[in-house]
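There are 2 protein chains.
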Amino acid sequence: MAKELTSMSENYSQWYNDLVVKADLAENSAVRGCMVIKPYGYAIWEKMQAELDHRFKETGHVNAYFPLFIPKSFFSKEAAHVEGFAKECAVVTHYRLKNDPNGKGVVVDPDAKLEEELIVRPTSETIIWHTYKNWIQSWRDLPILCNQWANVVRWEMRTRLFLRTAEFLWQEGHTAHATQQEAIEETYKMVNVYADFAENVMAMPVVIGHKSENERFAGALDTLCIEALMQDGKALQAGTSHFLGQNFSKAFDVQFANKEGKLEHVWASSWGVSTRLMGALVMAHSDDHGLVLPPKLAPFQVVIVPIYRSEEQLNAITEKVDVIIEKLKARGISVKFDFSDAKKPGWKFAEYELKGVPVRLAVGPRDLENGTIEVARRDTLTKEVVNVDGIDQYIEDLLENIQKSIYNKALDFRTEKTTVVDTWDEFKEVLKNKGGFISAHWDGTSETELQIKDETKATIRCVPLDAIEEEGTCVYSGKPSNKRVLFALSY
Amino acid sequence: MAKELTSMSENYSQWYNDLVVKADLAENSAVRGCMVIKPYGYAIWEKMQAELDHRFKETGHVNAYFPLFIPKSFFSKEAAHVEGFAKECAVVTHYRLKNDPNGKGVVVDPDAKLEEELIVRPTSETIIWHTYKNWIQSWRDLPILCNQWANVVRWEMRTRLFLRTAEFLWQEGHTAHATQQEAIEETYKMVNVYADFAENVMAMPVVIGHKSENERFAGALDTLCIEALMQDGKALQAGTSHFLGQNFSKAFDVQFANKEGKLEHVWASSWGVSTRLMGALVMAHSDDHGLVLPPKLAPFQVVIVPIYRSEEQLNAITEKVDVIIEKLKARGISVKFDFSDAKKPGWKFAEYELKGVPVRLAVGPRDLENGTIEVARRDTLTKEVVNVDGIDQYIEDLLENIQKSIYNKALDFRTEKTTVVDTWDEFKEVLKNKGGFISAHWDGTSETELQIKDETKATIRCVPLDAIEEEGTCVYSGKPSNKRVLFALSY
Numbered sequence: 001m002a003k004e005l006t007s008m009s010e011n012y013s014q015w016y017n018d019l020v021v022k023a024d025l026a027e028n029s030a031v032r033g034c035m036v037i038k039p040y041g042y043a044i045w046e047k048m049q050a051e052l053d054h055r056f057k058e059t060g061h062v063n064a065y066f067p068l069f070i071p072k073s074f075f076s077k078e079a080a081h082v083e084g085f086a087k088e089c090a091v092v093t094h095y096r097l098k099n100d101p102n103g104k105g106v107v108v109d110p111d112a113k114l115e116e117e118l119i120v121r122p123t124s125e126t127i128i129w130h131t132y133k134n135w136i137q138s139w140r141d142l143p144i145l146c147n148q149w150a151n152v153v154r155w156e157m158r159t160r161l162f163l164r165t166a167e168f169l170w171q172e173g174h175t176a177h178a179t180q181q182e183a184i185e186e187t188y189k190m191v192n193v194y195a196d197f198a199e200n201v202m203a204m205p206v207v208i209g210h211k212s213e214n215e216r217f218a219g220a221l222d223t224l225c226i227e228a229l230m231q232d233g234k235a236l237q238a239g240t241s242h243f244l245g246q247n248f249s250k251a252f253d254v255q256f257a258n259k260e261g262k263l264e265h266v267w268a269s270s271w272g273v274s275t276r277l278m279g280a281l282v283m284a285h286s287d288d289h290g291l292v293l294p295p296k297l298a299p300f301q302v303v304i305v306p307i308y309r310s311e312e313q314l315n316a317i318t319e320k321v322d323v324i325i326e327k328l329k330a331r332g333i334s335v336k337f338d339f340s341d342a343k344k345p346g347w348k349f350a351e352y353e354l355k356g357v358p359v360r361l362a363v364g365p366r367d368l369e370n371g372t373i374e375v376a377r378r379d380t381l382t383k384e385v386v387n388v389d390g391i392d393q394y395i396e397d398l399l400e401n402i403q404k405s406i407y408n409k410a411l412d413f414r415t416e417k418t419t420v421v422d423t424w425d426e427f428k429e430v431l432k433n434k435g436g437f438i439s440a441h442w443d444g445t446s447e448t449e450l451q452i453k454d455e456t457k458a459t460i461r462c463v464p465l466d467a468i469e470e471e472g473t474c475v476y477s478g479k480p481s482n483k484r485v486l487f488a489l490s491y
Numbered sequence: 001m002a003k004e005l006t007s008m009s010e011n012y013s014q015w016y017n018d019l020v021v022k023a024d025l026a027e028n029s030a031v032r033g034c035m036v037i038k039p040y041g042y043a044i045w046e047k048m049q050a051e052l053d054h055r056f057k058e059t060g061h062v063n064a065y066f067p068l069f070i071p072k073s074f075f076s077k078e079a080a081h082v083e084g085f086a087k088e089c090a091v092v093t094h095y096r097l098k099n100d101p102n103g104k105g106v107v108v109d110p111d112a113k114l115e116e117e118l119i120v121r122p123t124s125e126t127i128i129w130h131t132y133k134n135w136i137q138s139w140r141d142l143p144i145l146c147n148q149w150a151n152v153v154r155w156e157m158r159t160r161l162f163l164r165t166a167e168f169l170w171q172e173g174h175t176a177h178a179t180q181q182e183a184i185e186e187t188y189k190m191v192n193v194y195a196d197f198a199e200n201v202m203a204m205p206v207v208i209g210h211k212s213e214n215e216r217f218a219g220a221l222d223t224l225c226i227e228a229l230m231q232d233g234k235a236l237q238a239g240t241s242h243f244l245g246q247n248f249s250k251a252f253d254v255q256f257a258n259k260e261g262k263l264e265h266v267w268a269s270s271w272g273v274s275t276r277l278m279g280a281l282v283m284a285h286s287d288d289h290g291l292v293l294p295p296k297l298a299p300f301q302v303v304i305v306p307i308y309r310s311e312e313q314l315n316a317i318t319e320k321v322d323v324i325i326e327k328l329k330a331r332g333i334s335v336k337f338d339f340s341d342a343k344k345p346g347w348k349f350a351e352y353e354l355k356g357v358p359v360r361l362a363v364g365p366r367d368l369e370n371g372t373i374e375v376a377r378r379d380t381l382t383k384e385v386v387n388v389d390g391i392d393q394y395i396e397d398l399l400e401n402i403q404k405s406i407y408n409k410a411l412d413f414r415t416e417k418t419t420v421v422d423t424w425d426e427f428k429e430v431l432k433n434k435g436g437f438i439s440a441h442w443d444g445t446s447e448t449e450l451q452i453k454d455e456t457k458a459t460i461r462c463v464p465l466d467a468i469e470e471e472g473t474c475v476y477s478g479k480p481s482n483k484r485v486l487f488a489l490s491y
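Chains as they are written, first to last, in this note's numbering: chain A, 1 to 491; chain B, 1 to 491.
FYI, nobody ran anything at the bench for these hints, they're computed from the structure. Keep in mind it's a predicted model, so treat the numbers as computed, not measured. Just to be clear, a hint being listed does not mean it is correct.
Identical copies go unnamed one by one, so any copy, or any two together, can satisfy a pair.
[To be verified] Within a straight-line C-alpha distance of at most 27 Å, the following computed DSSO-like cross-link-like pairs (lysine-lysine) qualify: (1) LYS57 x LYS47; (2) LYS57 x LYS296; (3) LYS329 x LYS296; (4) LYS344 x LYS262; (5) LYS343 x LYS57; (6) LYS47 x LYS329; (7) LYS77 x LYS113; (8) LYS57 x LYS348; (9) LYS483 x LYS343; (10) LYS296 x LYS47; (11) LYS234 x LYS250; (12) LYS98 x LYS77; (13) LYS296 x LYS22; (14) LYS98 x LYS113; (15) LYS250 x LYS262; (16) LYS417 x LYS457; (17) LYS383 x LYS348; (18) LYS348 x LYS22; (19) LYS453 x LYS98; (20) LYS113 x LYS87; (21) LYS428 x LYS483; (22) LYS133 x LYS104; (23) LYS432 x LYS87; (24) LYS343 x LYS259; (25) LYS87 x LYS457; (26) LYS327 x LYS296; (27) LYS348 x LYS133; (28) LYS87 x LYS104; (29) LYS343 x LYS329.
Input sequences plus hints: build the corresponding full structure.
This is how it looks when you write it as structure tokens:
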């Protein structure tokens, strides 16, 4: 291989990190915990954004932009929010540098101290609800269905590229409604949008469910989430949608006159996904050869590598390839023709495997003679020689096939790695030796949940929306339970 | 009118501010100098972004993302950069809040002080060139053609919505090249991309030229810019493209092995436009009735208002309108049908004039009988009744016509407001009574430039690329000059 990756089986965590860096997705920066998203990684993120943004707009949402900075005092206004959340933040205290009077360089100007410190947003509920107060007077002003694409900062101590970084990119939806029911419906609608995106675009099966009270967003009455399973058997929370009740409207005094002219507090939801999805995408599908990208997110879906010895051969190949490219583009398929002379075909094959390009075409002199082309698919690493006639239709079908195959493979993996467990010994045994999701009864108390976490590090990933009502006893406490929840180790 | 605007003639500055707020483009936030970009304003910005991003990609650029924070020490590395630039910045000194031990709320945790302060990026040359050092070893790694869409912060003391805010959104391109010539060509290429965008999308004529040394970007060897004229006769710098020479590659020690294996410093350009363009857009075209938006940037290009007394009439109108909407959408024209009952047609007319919707259609019972529709264009405020057959073609042509008319109107205005001046008295007289661009000879010295600025507040907006070589004498000093430059008061 062109660039050596640690194998998954040897060291999963190192494999992940190697892959993110060597496939040119992202790298660490000079600033602790902040990453640089490299062009190839950013191109995937742009595709995610476009797909999500389209879904948001289709469901009636509009984009807006709110300030990066939040006055410190805003964080004290919603008690649960500050308690559960807002501590590890970047704090701006000054607004000017000056030349160092004692030497070279610059120092912070002590005279330029802010009266009130500003916090770099870790999430924007507070500043947005402060703003909504001026936007909402009457029921006619509702609902407000805003989304924001933005950067946020949470001062994480241990960071990992995409999965946990001090600064990350995300979208945050913040909606305001006249009734509780409407806000709850919105919360469900958006978690379903996320699930649709995860499954149909990322080819990543997810479980939709409620977070337990312990795992809920600070300030929410209910947090819905999508949970995905990574190839090392750990779960990853890939998106959340919160029903906030009237907590923020009360904290920021946002009331509206209802149709009877009476003042009521507004009902709220918020929901978000982040560049963490990039980490999920990598860990859901990739292998020891590199990335495996679903065609819907690949920066280019097809790469064409010419095999030639002479300039003349390259010219003849290029002539054929140009026709193929035109046909593929006409079908909306993105293609790169790598005719560069600097690297050999073998190096290119390895490089595009590493980069996860779904389909690779190779054309050599013999293909010209025979009217054939070699087609290799990244997900299965299989090759076949096909006739060049009708190649565009063939590739279009193949890309659809790959998109589905990747999803099915991940679904099979999850099914295999989801274990129904009824005893505590079995719980520990499965967690230790098999991993994955454990479907078990739980007595519904935070106490039990925390004891399980203390003993095993496993957390309740969610109470699935489709959990069946059934009589049971808690796997840990033996107390009664009426449905199974999903436990797992997690990112 | 629905919402009262101050008139342009009465108080231009107040007119601008009223319009930005009342047309729902943006508003001030709880954080000094930071704005909230409201959904209607953000929708225009999104269209600007899409048009620009398309042009960047067409010219071979890719997007990436670099950290929000920059270590303080980076600013000392490029001497001219820190001298000219980096002083008024938001400085992060701490990374944690804690509960106030003496009461409610939160305070900054004094134990969580950063070893080195972090600066919220005012621009990203330093962090990006620090990153490029790891990306560039050989001539094969060049060129690097990256762009970043991001927020930046400059602690401005006097702020105005869009025109000058502490936080603003922008894009910044940062390119690395093997040769001086290639970097210079890139600098010109991108200022031409900006000019194309300004003229063909924003319908705003611009002059392309060089900045004088005084007005150059801190760290640049040459700054190219596009300058537009606002309706109050002041100029606005709408975009800049900098040739940075080897200043940043030397400051951050970025060298590459050339084809002969010798190490050379890399050549650089950077270029950017920001949400300031939103301010330019407002001031270039709008009037006392509100915004005038070019069709290419209007969130919706056509609004349809039904005129009805009964539910039955509305139903009949809706049936007709649905057909029209389908036809318009098939042509890629965006339409809003405002059938809401909450407001009267007159209110709606004024509202959509305020919002600058290029074309308004009104349909009443008589139109149904006659097979007609009333078409009003926002730019000229003229109305006509046209046959409903072929309305889609009519509207498509009309939108093209409006796009061109708005541009031509602005161009005529600029032509009228550009005065060739040869004496200092005339210079002052024109500046005082007429405003606009003054085309005058200048001796090329910073001294003269600064004296003119001191006496009149006028600055050299640019030395136009198409300035004609001619013998002349400086309008201020009487010294020899070989070309005219453009002076103006400016934003």
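Hints versus structure:
Proximity of LYS57 to LYS47 under the C-alpha cut-off of 27 Å is found in both arrangements, the shortest distances being 15 Å within a copy and 14 Å between copies. Within a single copy, LYS57 and LYS296 get their C-alpha atoms as close as 19 Å, and across copies as close as 19 Å, so both meet the 27 Å cut-off. In this homomeric assembly, LYS329 and LYS296 come within 27 Å of each other (Cα to Cα) both inside a single copy, at 15 Å, and across copies, at 26 Å. Taking identical chains as interchangeable, the C-alpha atoms of LYS344 and LYS262 lie at most 27 Å apart only when they sit on different chains, with a minimum of 25 Å there against 75 Å within one chain.
When the C-alpha separation of LYS343 and LYS57 is checked against a cutoff of 27 Å, the pair qualifies only between copies, where the shortest distance is 25 Å, while the shortest distance within a copy is 44 Å. For the identical chains of this complex, LYS47 and LYS329 are neighbours both inside a copy (17 Å) and across copies (24 Å), given an alpha-carbon limit of 27 Å. In the homo-oligomer, the alpha carbons of LYS77 and LYS113 lie at most 27 Å apart both inside one protomer (24 Å) and across protomers (25 Å), since each shortest distance falls under that limit. In this homomeric assembly, LYS57 and LYS348 come within 27 Å of each other (Cα to Cα) only across copies, at 24 Å, whereas the closest approach inside a single copy is 39 Å.
Neither within a single protomer nor between protomers do LYS483 and LYS343 lie at most 27 Å apart by alpha-carbon distance, with minima of 58 Å and 51 Å respectively. In this homomeric assembly, LYS296 and LYS47 come within 27 Å of each other (Cα to Cα) both inside a single copy, at 8 Å, and across copies, at 23 Å. Within a single copy, LYS234 and LYS250 get their C-alpha atoms no closer than 38 Å, and across copies no closer than 46 Å, so neither meets the 27 Å cut-off. For the homomeric pair LYS98 and LYS77, the shortest alpha-carbon distance between copies (14 Å) is at most 27 Å, but the shortest distance inside one copy (35 Å) is not.
When the C-alpha separation of LYS296 and LYS22 is checked against a cutoff of 27 Å, the pair qualifies only within one copy, where the shortest distance is 22 Å, while the shortest distance between copies is 41 Å. Taking the closest pair of Cα atoms, LYS98 and LYS113 come within 27 Å of each other both inside a single copy (13 Å) and across two copies (20 Å). Proximity of LYS250 to LYS262 under the C-alpha cut-off of 27 Å is restricted to the intra-copy arrangement: shortest distance 16 Å within a copy versus 67 Å between copies. Taking the closest pair of Cα atoms, LYS417 and LYS457 come within 27 Å of each other only inside a single copy of the chain (18 Å); across copies the shortest separation is 72 Å, beyond that limit.
In this assembly of identical chains, the alpha carbons of LYS383 and LYS348 lie at most 27 Å apart only when taken from the same copy (16 Å versus 62 Å across copies). Taking the shortest Cα distances, LYS348 and LYS22 sit within 27 Å of each other inside one copy (14 Å), while across copies they are farther apart (56 Å). Proximity of LYS453 and LYS98 under a CA criterion of 27 Å is satisfied inter-copy only: 26 Å between copies versus 50 Å inside one chain copy. Proximity of LYS113 and LYS87 under a CA criterion of 27 Å is satisfied in both settings, with 21 Å inside one chain copy and 14 Å between copies.
Proximity of LYS428 to LYS483 under the C-alpha cut-off of 27 Å is restricted to the intra-copy arrangement: shortest distance 20 Å within a copy versus 83 Å between copies. With identical chains, the CA atoms of LYS133 and LYS104 are at most 27 Å apart between copies only, with a shortest distance of 23 Å across copies and 48 Å within one. Taking CA atoms no more than 27 Å apart as the test, LYS432 paired with LYS87 passes in neither setting, with 33 Å inside one copy and 55 Å between copies. For the identical chains of this complex, LYS343 and LYS259 are inter-copy neighbours only, at 16 Å across copies versus 71 Å inside a copy, given an alpha-carbon limit of 27 Å.
When the C-alpha separation of LYS87 and LYS457 is checked against a cutoff of 27 Å, the pair qualifies only within one copy, where the shortest distance is 23 Å, while the shortest distance between copies is 47 Å. For a Cα distance limit of 27 Å, the shortest separation of LYS327 from LYS296 inside one copy, 19 Å, qualifies, whereas the shortest one across copies, 30 Å, does not. Only between protomers do LYS348 and LYS133 lie at most 27 Å apart by alpha-carbon distance; the minimum there is 25 Å, versus 57 Å within a single protomer. For a Cα distance limit of 27 Å, the shortest separation of LYS87 from LYS104 across copies, 14 Å, qualifies, whereas the shortest one inside one copy, 35 Å, does not.
Taking CA atoms no more than 27 Å apart as the test, LYS343 paired with LYS329 passes inside one copy only; the shortest distance there is 25 Å, against 48 Å between copies.
Going through the hint list in order, the structure does not satisfy hints 9, 11, 23.
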